Amino acid sequence: MTDLVRRTLFALVLTALSVPSAWAQTPTPEEEDPDLEVNVSQPDFNLAALPTNLRLPKGKFAFRVTHRFSRPLGEGDFSDLLADFFGFDSGAQIGLELRYGLFRGAQVGINRTSDRTIQFFSQYDLANQQSFPVGIGIWGSIDGTNNFSDSYSPALGAVVSRELGRYGAVYAHPIWVDNTNPEPSELVDDNDSFLIGVGTRIRIRPTVYVTAEVAPRVAGYAPGDALLSFGVEKRVGGHAFALNFSNGFGTTMAQIARGGTANDDWYIGFNISRKFY
Amino acid sequence: MTQAGKQLIVAAALALGGAACDENLSDVAGPTPNLEPTLSSIQTEIFNTTDSSGRQSCIQCHSDNGRVPAGNLVLLEGRSYAMLVGVASSQKAGATRVVAGDPENSYLIHKLEGRADIIGQRMPRTGGPFLTDGQIRIIKRWIEEGAKND
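Protein chains in written order, with the working numbering: chain B, 783 to 1059; chain Y, 22 to 171.
Hints were generated in silico from the structure; no laboratory data involved. One or more of the hints may lead you astray.
[What the hints assert, rightly or not] Straight line, CA to CA, 20 Å or less: simulated SDA-like cross-link-like pairs of lysine to any residue:
1. Y/161 with B/964
2. Y/169 with B/970
3. Y/113 with Y/123
4. Y/161 with B/1005
5. B/1016 with B/825
6. Y/161 with Y/117
7. Y/161 with Y/46
8. Y/169 with B/971
9. Y/161 with Y/139
10. B/1016 with B/820
11. Y/161 with Y/134
12. Y/161 with B/967
13. Y/161 with Y/123
14. Y/161 with B/970
15. Y/169 with Y/65
16. Y/169 with B/967
17. Y/161 with Y/62
18. Y/161 with Y/106
19. Y/169 with B/968
20. Y/169 with Y/61
21. Y/161 with Y/48
22. Y/161 with B/971
23. Y/161 with B/972
24. Y/169 with Y/69
25. B/842 with B/1020
26. Y/161 with B/968
27. Y/161 with B/965
28. Y/113 with Y/125
29. Y/161 with Y/65
Predicted, not measured: the structure shown is a model, and the values here were computed from it.
Let the hints inform the model, and build the full structure from the sequences given.
Encoded structure:
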């Protein structure tokens, strides 16, 4: 399949996905849409990098900026780290993400990181805790390097969540990612990865949370160490500010599957997200 | 549209994503874009042919046509496999030219990469151009896959 055909097909599917929201949904007054209410257990669409099961209201947008500063925190002594303002003086891998609620329980989005990777993603809320012991979201995405023109890595999996009352949530992410090995398939034994991410967001104050996640690859291509992040997050109205520490820079699913750099290298970063509703 | 219909569309989108596009081997192969990890391809593209970078063909020296083959190694078509795989190096005691499945312990790779442990010169002995990292990577892959006579 040529790149052009692939991109055309992908655009067609995205278009097809957008159609039902236009013709088949019974208009729902905004004040009746429960997705518009703040979910204090799942206040944002991601932990540090892995997705949550927060639903995006139909017809609404959300935006996120991710920064992963490239200076290892362990480089030099503490005075060096202070001189570099804990890494904030260094370059960073920056991600810009926009997502949209297609119809109730379904969202699509695009995320571009400054290494010129573009990820298109969709998530569908298959079950939630109102009717099932856990929430289950179906995740599908495709990464393309070099501005979505070189190497494509589709991902398919689930986001399983369990809300802990009003105190946060725990997550599991069984996700398969194809074409994770950057070498041609003729030269590698494994060209896909199956990861089972686990993570949590715990509410420690009314609007303050701590997050943690790790994405071990249990089968397939698994270079380096599993991507591991933890952080602290403050929610302010429609904004969320998160300061996090990671052993890598990944924020798209293929980047997550390729793992972190090493357990000895830790990097500071932050996420800022904004809900437009 | 029904709930099932929506789920079907989402599933179709996800399934489409499953058709991954891979990197091209030719991007790795550099000056020998047709090079593949098979002996017949390595024979044609590496042993027999001087490539577009100017890297000299191997059989200029590793031939017994009217000459004594360098290193007592003949890389002519139809004979290279028997001279390489599982055969002790005539240059370095204890070394094996190609250990099937183990490129790191294959002396051929050491010679092509110019490692510190080799005796004599890095190959090709013309002082360069040498094989690119990508070309050597493809030869290593042939060895990793069992160095078959394919």
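Okay, the hints, checked on the actual structure:
no.	hint	result
1	Y/161 with B/964	holds, 17 Å
2	Y/169 with B/970	holds, 17 Å
3	Y/113 with Y/123	holds, 18 Å
4	Y/161 with B/1005	holds, 19 Å
5	B/1016 with B/825	holds, 10 Å
6	Y/161 with Y/117	holds, 14 Å
7	Y/161 with Y/46	holds, 14 Å
8	Y/169 with B/971	holds, 16 Å
9	Y/161 with Y/139	holds, 17 Å
10	B/1016 with B/820	holds, 14 Å
11	Y/161 with Y/134	holds, 11 Å
12	Y/161 with B/967	holds, 14 Å
13	Y/161 with Y/123	holds, 8 Å
14	Y/161 with B/970	holds, 11 Å
15	Y/169 with Y/65	holds, 15 Å
16	Y/169 with B/967	holds, 18 Å
17	Y/161 with Y/62	holds, 13 Å
18	Y/161 with Y/106	holds, 13 Å
19	Y/169 with B/968	holds, 15 Å
20	Y/169 with Y/61	holds, 10 Å
21	Y/161 with Y/48	holds, 16 Å
22	Y/161 with B/971	holds, 13 Å
23	Y/161 with B/972	holds, 16 Å
24	Y/169 with Y/69	holds, 18 Å
25	B/842 with B/1020	holds, 12 Å
26	Y/161 with B/968	holds, 12 Å
27	Y/161 with B/965	holds, 13 Å
28	Y/113 with Y/125	holds, 16 Å
29	Y/161 with Y/65	holds, 16 Å
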